[in-house]
Amino acid sequence: KILRMVADREGFGDLLAEGVKRASQKLGGKAAEAAIYTMKGNTPRGHDHRNRWAEMFDTVVSNTSTIETHMSAMSPDAQGPANPMVISDEVARTKGLMQLEDSAVTCRFNTRMNHKRLAEAISAATGWDMSPEEAWDIGRRAVNLLRAFNLQTGISKEYDRPSPRYGSTPIDGPTEGVSIMPHWDRMLENYYEKMGWNSEGVPTEKTLSTLGLEWVSDDLAKLE
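Residue numbers for the sequence shown follow the working numbering, beginning at 97 and rising by one.
Heads up, a few of these hints could be off.
Quick list of the computed label-pair ranges, beta carbon to beta carbon [said to hold, decoys possible]:
no., residue 1, residue 2, range
1, MET135, ARG100, 23 to 33 angstroms
2, GLU229, GLU310, 17 to 27 angstroms
3, THR202, PRO278, 36 to 46 angstroms
Taking lysine-lysine and the BS3-like style, the derived pairs with C-alpha atoms no more than 30 angstroms apart in a straight line are [to be verified]:
no., residue 1, residue 2
4, LYS302, LYS136
5, LYS318, LYS212
6, LYS318, LYS302
7, LYS97, LYS122
8, LYS253, LYS136
9, LYS290, LYS253
10, LYS290, LYS136
11, LYS302, LYS290
12, LYS126, LYS136
13, LYS302, LYS212
14, LYS318, LYS126
15, LYS290, LYS318
16, LYS97, LYS117
17, LYS253, LYS302
18, LYS97, LYS136
19, LYS253, LYS126
20, LYS318, LYS253
21, LYS97, LYS126
22, LYS136, LYS117
23, LYS302, LYS117
24, LYS122, LYS136
25, LYS253, LYS122
These are computed hints drawn from the structure, not numbers from a lab. The structure presented is a predicted model; accordingly, all values stated were derived computationally and were not measured. The C-beta atom is built at its ideal place from N, Cα and C for all residues, glycine as well.
Work the whole structure out from these sequences, hints included.
What follows is the structure in structure tokens.
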């Protein structure tokens, strides 16, 4: 019944249809304090990311309201909270791989974010001579275009943060008493740098030019 009320925006379902962030803010009080979301407004999926820092960081900086990369493609050192800067490095380094898969209309469970295999498949299907790096750049272009689009709609640096509850310190489990938040600003600064973005998270002219997106620079310049 509740699902139908949400779909039809009837009664209390009208509030729930706003999503976790807006609904909790409208309710106020403890609801606002307890809600789990990113400042962009999306609700993290399934897992408790406070024990999965790479997935949490990626979810929050994502342009698409869900993960943009995956821990399986990262260095083992990025699998836990012991190396926050390595996590930031690896999230930036692996950006574009999942977007390449999406552009090729393949599933990560089949292609496993293997850009070399995808480059071979694309070349075989099209007759192109695509190198693995050229294939990866397809995904990198997607990430930077998504970032540029979000910036133009007002989703800027201050939205690259978790809600207070999402970023809270776990009271039990493998990361009991350990929070990602003391490292957040440094991780974000490093992530922007490794992505080729400025300190405000805006893709630089050099980064866009390298990816063949020179025309995007003109649009971003209007935001200054």
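Verification of the hints:
no. : hint                                : verdict
1   : MET135 x ARG100: 23 to 33 angstroms : holds (30 angstroms)
2   : GLU229 x GLU310: 17 to 27 angstroms : holds (19 angstroms)
3   : THR202 x PRO278: 36 to 46 angstroms : holds (38 angstroms)
4   : LYS302 x LYS136                     : holds (27 angstroms)
5   : LYS318 x LYS212                     : violated (37 angstroms)
6   : LYS318 x LYS302                     : holds (17 angstroms)
7   : LYS97 x LYS122                      : holds (22 angstroms)
8   : LYS253 x LYS136                     : holds (10 angstroms)
9   : LYS290 x LYS253                     : holds (15 angstroms)
10  : LYS290 x LYS136                     : holds (22 angstroms)
11  : LYS302 x LYS290                     : holds (13 angstroms)
12  : LYS126 x LYS136                     : holds (20 angstroms)
13  : LYS302 x LYS212                     : holds (25 angstroms)
14  : LYS318 x LYS126                     : violated (40 angstroms)
15  : LYS290 x LYS318                     : holds (24 angstroms)
16  : LYS97 x LYS117                      : holds (22 angstroms)
17  : LYS253 x LYS302                     : holds (20 angstroms)
18  : LYS97 x LYS136                      : holds (29 angstroms)
19  : LYS253 x LYS126                     : holds (26 angstroms)
20  : LYS318 x LYS253                     : holds (17 angstroms)
21  : LYS97 x LYS126                      : holds (25 angstroms)
22  : LYS136 x LYS117                     : holds (9 angstroms)
23  : LYS302 x LYS117                     : violated (36 angstroms)
24  : LYS122 x LYS136                     : holds (16 angstroms)
25  : LYS253 x LYS122                     : holds (24 angstroms)
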